[in-house]
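Student: Here is how the chains run, residue by residue.
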Amino acid sequence: MQNRKTKNILSDLIIYVILLIFTVFALFPVIYVLGGAFKTNSEILTKPELIFSTKPTFNNFIKAWNADNFNVERMILNSIWYTFASVAISLLTSSLAGYTFARGKFKLKKTLFAVFTSLMFINVGSITIYPQFEVLNAFHLNKGLAALLVMQFFGIGIANIYLVRNYVKTLSEAIDESARIDGCGFIGIFFKIIAPLLKPLFATLGILAFQASWNDYLMPTIFTLTVPKQRTLIVGIMALKSSGEGATNWNLMFAASSLALLPVLAAYTFANRYFVTGLANGAVKG
Amino acid sequence: MQNNLEIKRTIFHEKKGINNESWKCYLLISPQIIGLFVFSLYPILWAARYSFFYYDGVSVNTRFTGVENYITLFAKDITYWKTWITTLKFALLKLPVELFIAMLLALLISKKTIKFSGFFRSVYFLPHIISVAIVTLIFCNLFEPFGYINTLLIKLGIIRQPIEFLKSVSGGLMMIIVTDIWMNFGVNVLYFVAALQNISNDVYEAASLDGCGKVREFFSITLPLIAPVVQIICLLAIKGVLGTGVLVYLLTGGAPGGNTHTVNSYILGKFVPGFAQGIPNLGYGSAMCIITSVITAAISLIYLRLSQKASDLY
Numbered sequence: 033m034q035n036r037k038t039k040n041i042l043s044d045l046i047i048y049v050i051l052l053i054f055t056v057f058a059l060f061p062v063i064y065v066l067g068g069a070f071k072t073n074s075e076i077l078t079k080p081e082l083i084f085s086t087k088p089t090f091n092n093f094i095k096a097w098n099a100d101n102f103n104v105e106r107m108i109l110n111s112i113w114y115t116f117a118s119v120a121i122s123l124l125t126s127s128l129a130g131y132t133f134a135r136g137k138f139k140l141k142k143t144l145f146a147v148f149t150s151l152m153f154i155n156v157g158s159i160t161i162y163p164q165f166e167v168l169n170a171f172h173l174n175k176g177l178a179a180l181l182v183m184q185f186f187g188i189g190i191a192n193i194y195l196v197r198n199y200v201k202t203l204s205e206a207i208d209e210s211a212r213i214d215g216c217g218f219i220g221i222f223f224k225i226i227a228p229l230l231k232p233l234f235a236t237l238g239i240l241a242f243q244a245s246w247n248d249y250l251m252p253t254i255f256t257l258t259v260p261k262q263r264t265l266i267v268g269i270m271a272l273k274s275s276g277e278g279a280t281n282w283n284l285m286f287a288a289s290s291l292a293l294l295p296v297l298a299a300y301t302f303a304n305r306y307f308v309t310g311l312a313n314g315a316v317k318g
Numbered sequence: 630m631q632n633n634l635e636i637k638r639t640i641f642h643e644k645k646g647i648n649n650e651s652w653k654c655y656l657l658i659s660p661q662i663i664g665l666f667v668f669s670l671y672p673i674l675w676a677a678r679y680s681f682f683y684y685d686g687v688s689v690n691t692r693f694t695g696v697e698n699y700i701t702l703f704a705k706d707i708t709y710w711k712t713w714i715t716t717l718k719f720a721l722l723k724l725p726v727e728l729f730i731a732m733l734l735a736l737l738i739s740k741k742t743i744k745f746s747g748f749f750r751s752v753y754f755l756p757h758i759i760s761v762a763i764v765t766l767i768f769c770n771l772f773e774p775f776g777y778i779n780t781l782l783i784k785l786g787i788i789r790q791p792i793e794f795l796k797s798v799s800g801g802l803m804m805i806i807v808t809d810i811w812m813n814f815g816v817n818v819l820y821f822v823a824a825l826q827n828i829s830n831d832v833y834e835a836a837s838l839d840g841c842g843k844v845r846e847f848f849s850i851t852l853p854l855i856a857p858v859v860q861i862i863c864l865l866a867i868k869g870v871l872g873t874g875v876l877v878y879l880l881t882g883g884a885p886g887g888n889t890h891t892v893n894s895y896i897l898g899k900f901v902p903g904f905a906q907g908i909p910n911l912g913y914g915s916a917m918c919i920i921t922s923v924i925t926a927a928i929s930l931i932y933l934r935l936s937q938k939a940s941d942l943y
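From first to last, the protein sequence lines are chains A and B.
All residue numbers for the first sequence refer to the working numbering, where the first residue is 33 and numbers rise by one.
All residue numbers for the second sequence refer to the working numbering, where the first residue is 630 and numbers rise by one.
Only chain B is shown next, with the shape it has when bound in the complex:
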């Protein structure tokens, strides 16, 4: 019966549907198809091509330079590789703190006896909906030499002289990390809470009957059960950190002396119109962008491999 209906349906479609209607399908997704070629594939090919050229926007100056851009990038551009080190430093300092805070808060919120858990979740997520531009404006003000944070620290007697955050690399990095954690920790709280909700209560009850303590419970039950989700949460967080550009650019602008630029804020300040000074060599920019995206993808892949191995151990 079911089969019969299926057959009837397909015959019906063949008669009336497919032949004269597939053009309508293409019509409805034509914006995306055009966009695919014009605004996605063409720019990628453009960047790939110009990465072998010197090109500063003036066609007369354009000349083929072979792999020179790549050689310069790998062999001579110390500044670029320094921004990678900064990016990794930022990632290694920020991610553990942020994920620890988020996991802790998620565990506390998920406790059965805690009320207003919805309220806490919403409040923690709130910073994430604010424009990154406004966020950096607020934090720039808070971190000023005579701003709120310095005043508070002096009043509490923790420091005597105001800290000039933008005058030292560690100060600049601290600004970036605090601001970024503020903006993003709530997202991870939501993810972790969602993951924790999927664990059945029976497991915990069984554990407590066996006399399992809270810490033991977390490491032997909770963590293994949510491990697959944690793996994805970490992947998203890593992707986010490696992609951070605008926030850093607007907060520190690389200060002091370009030493707190992450890869993406460096590229932004060097090649993007309105941020770059003068007319940069776009051929070199293309090479830099391509290598950057390759490295970013490679880091994500390596992470996936390693975390797969780690989860196989369980």
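Bound-form chain A, shown alone:
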């Protein structure tokens, strides 16, 4: 019996070692970039094994904040307003649609829902950006983050629609009926009754939308090609990296990347469970 117990403890110990090895694997690159943000460029280039500088410096942040060609301050402001707008749009359109598909009674309900769902599997790929630009152009909305937000407004976030729809379906219809008797219409019921009840779901949807738009790279890059002033933080960092000055500016890129990482890491630390709840959601999208 004693023998068995020590054997169990030993096997648990081995398990912890394996789990810790992968903990280091998962965390190391993040710690490396956060540490690198406080190193000088020559330290980054010549002493990569040094994760934390012996003489940590704040200069990278100050320099990045004030640089002319790499204006982190403006990029962060762009990222912030773009992210806020994107989250608001995503919450509004997906909750309205989810509610309509849960409670609405209209002829094309099943057809439209099936079509929206099947679009998830039909994806022609990146070339579609050209016709999309063509449409936006016709409305003189061909550049800048605003144009991208317009396109997001008309986007079909089917995974989010599913989440809202299923959530609304769990709410008792008796509440809307009583509101209806009080003279509330279909839209009124949403704003007065349903929307307040959706709050817990909004937290999940909001955090996922926040993470997606704050991290977004491809679309904001395409839409800010002709208006570099509107570059978001992620876009700006990658623009610096692909420019000729990239190699000499690892310190600035690390500092800016750390700033880009912090909001997401903070959100993940404090609202971890929302990320995980939304995982199934992300899987459907992916």
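No wet-lab data here; the hints were simulated from the structure.
Please read these numbers as outputs of a predicted model, since none were measured by experiment.
Cβ coordinates follow ideal geometry from the N, Cα and C atoms, glycine included.
Among the clues, some could well be false.
As the list claims (entries may be wrong) - Quick list of in silico lysine-lysine cross-link-like pairs, DSSO-like style, CA-CA up to 30 angstroms:
| no. | chain 1 | residue 1 | chain 2 | residue 2 |
| --- | --- | --- | --- | --- |
| 1 | A | Lys39 | B | Lys653 |
| 2 | A | Lys273 | B | Lys843 |
| 3 | A | Lys273 | A | Lys175 |
| 4 | B | Lys653 | A | Lys231 |
| 5 | A | Lys224 | B | Lys653 |
| 6 | B | Lys741 | B | Lys653 |
| 7 | B | Lys796 | A | Lys273 |
| 8 | B | Lys711 | A | Lys37 |
| 9 | A | Lys79 | B | Lys744 |
| 10 | B | Lys784 | B | Lys796 |
| 11 | B | Lys653 | A | Lys201 |
| 12 | A | Lys273 | B | Lys653 |
| 13 | A | Lys37 | B | Lys653 |
| 14 | B | Lys938 | A | Lys141 |
| 15 | B | Lys796 | B | Lys705 |
| 16 | B | Lys938 | B | Lys843 |
| 17 | A | Lys139 | A | Lys79 |
| 18 | A | Lys37 | B | Lys740 |
| 19 | A | Lys137 | B | Lys653 |
| 20 | B | Lys740 | A | Lys39 |
| 21 | B | Lys796 | A | Lys139 |
| 22 | B | Lys843 | A | Lys142 |
Unchecked claim - Chain A regions said to be covered by chain B (calculated; three or more residues, Cβ under 8 angstroms):
| no. | segment |
| --- | --- |
| 23 | 106-119 |
| 24 | 128-138 |
| 25 | 233-245 |
Claimed, not checked - Facing chain B, a subset of chain A residues (Cβ under 7 angstroms, in silico):
| no. | residue |
| --- | --- |
| 26 | Pro80 |
| 27 | Phe84 |
| 28 | Tyr162 |
| 29 | Ile188 |
| 30 | Ile219 |
Starting from the structure of chain A, add chain B where the hints point.
Tutor: Frame of chain A, contents of chain B only:
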């Protein structure tokens, strides 16, 4: 009684609801309906149409070329088909490693005596929430000839000369695989843990009473019980691998010499504004995108068929 209520309810709706309120329903989903036609269906038809044209954005140059784009793609474009081989290589090298790691970690985390399992799960998932752009920036730095990984390997005495990862196909592929596994293994750990939680304890107890060993237990009990979930996890992973583009583009840019481009990073670098050089033939790009999505869908379908057959064997 219940029935009566139902009838009353429907009458109530018919009187007040349907007729004058269905326009409100359409109003609330009007963004999606407009988006369906304008930003989804129109672009698909656009691509389908222009795949039969030469089109470089200048309307004067546009001309109908019939199936020429498709013939060129199938008969002459060796580079494109090479990117498919790279994509499949990437998939075959990455998926088994990633899924094995994820399954192993999920089994270890799920063991009853292991504490802090929530912490481990959260940490493993953390890389997935980071922007792919930042991820590639970090890994580009780590894989530099004089970067952290080379320095570490030299210090450990595993290599003498620093490896220039971007100078060889295997080096570039290795960068892509390691980075991609880093970003995605935690997702699969979460899926597997969720699947394992659904297995009742009684089954394991019965097995251990019958004197079943751990390895036997895994293959005879755990795996068959979570097989349907594993099938979906694999499908999602396959879809993810086939769709990988931005990560590869930003990590290696196809280096050396375009030899590590996956299909999607190749298309990105060839046709997407801001990444493509010059003005590409968008008609040809349309044909390429259409064929790519057809092949991608076909691979997923073939996988589903095969895995269905495999699960029928149990």
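Student: Quick check: which numbered hints come out false for this structure?
Tutor: Hints 1, 2, 6, 8, 9, 12, 13, 14, 17, 21, 22, 23, 25 and 27 not satisfied by this model.
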